[in-house]
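All chains should be built: construct the whole structure from the sequences, respecting the hints.
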Amino acid sequence: MVTTTLTTHVRELTGNTSVIEIKGEVNAQAEKALMDAYNQVTGKGAHNILLDFSQLEYMNSSGIGLLVTLLIRVKRQNQRLLACGLSDHYRQIFDLTRLNEAITIYPTTQDALAALK
Amino acid sequence: MEDKPTPTESQQSRQNAWASPVKSMRVGEVSSEAVNLNVEGRRITGPVQGFGQMWQKTYRINLIGKKVPAKDLIREWKANFAKFWPKNNTFYGPQGSITPGDVAVLNLAGPGGITAPGGKPVISTGIMVVYADDESFSFLTPEGHMFAAMITFSAAEENDLTTAQIQALIRASDPFFEMMCRIGMGHRMEDTFWFQTLRNLAAHFGASGEPTLERVLVDPSVQWSEARNIRWNSGIRTFFYLLGTPFRWVGDRLKAR
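Going line by line, the protein sequences match chains C and B.
Residue 90 in our numbering is what sits at position 90 of the first sequence, and the numbering runs on without skipping anything.
With positions in the second sequence counted from 1, the corresponding number in our numbering is that position plus 1000.
Just so you know, the hints here were simulated from the structure itself, not pulled from any lab data.
Ideal placement from N, C-alpha and C gives every residue a C-beta, glycine not left out.
Don't take every hint at face value.
As the list claims (entries may be wrong) - If the Cβ cut is set under 7 Å, some of the chain C residues that face chain B in the computed set are:
hint: 1; residue: S62
hint: 2; residue: V68
hint: 3; residue: I93
hint: 4; residue: T104
hint: 5; residue: I105
hint: 6; residue: P107
Structure below.
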């Protein structure tokens, strides 16, 4: 039986910036949890959506596919998708898949916030 | 200095499921029969870099009549990947099982399986294996491939039934290939290709079953910023390469004298 291994926590950082904290594994089963979190931040009027991967345990190629579809939804709503807290390994994966060309990566939440000011 | 925690064996094995980043694709040794074009030195692309509408296409087949554990199916699929391809299409990959970082040359037939004179491919392009573990494996495509794509092959077991799945997250690479998709030809070619692959895979295990397709239009808009991808178009480049074959043949004879 397949189990969901991703949990998300949503936080509002500023009026137009929210963070989705990602904990656990991002794989094909993570779609609902991730999209629910996205709908939640969008419902609060977020323009900048920051994915915090500092508690990410694992991401497979289906997880990357999921981020691509999330990116498209974000772009179609004229929002911005950002990422922070990626380990060296996952920074390399973003590089390999060229997701880093579409999602701006910051070391930490504070760095992302500072850049958005 | 802060010590970084050492990854456990299991964490290391999962990290090794990913290929290392590369600036551009490097083709290893391939058969002399292969038309090896449009891969060496090309950058990897994914659906983010393509031009056309973004589709998520999921092809599935239930292996009816045989109980095959999902991990066994993936192991066999990785070991015999080329064998399951439809007639007149050839996957020239490194020897052995699909492994992260592998680069393969693809010689593809045209619509209806037609080939160029002499049995040559209509399109020569490639893929890179970016991910492979016990449960799935994924490819990304080089610049000039028909689709800027991530394609993931996986298997699952539910209620004593094993399902093999191919999920393609794709955009036509450039305006030419997008036009082929809009008139139905590009998608039809792709659908026929993966349906036959899944039928061949099922037959390999002695199972029956009919493939299904679920299509989702993820992004109906095109990315004009990527229109210049047409300069890498593997169909056009293969066409001109084949057109030049008689001249290369004469040139080689003259050089040999």
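Structure-inconsistent hints, enumerated in ascending order: Going through the list in order, the structure violates hints 4, 5 and 6 and respects the others.
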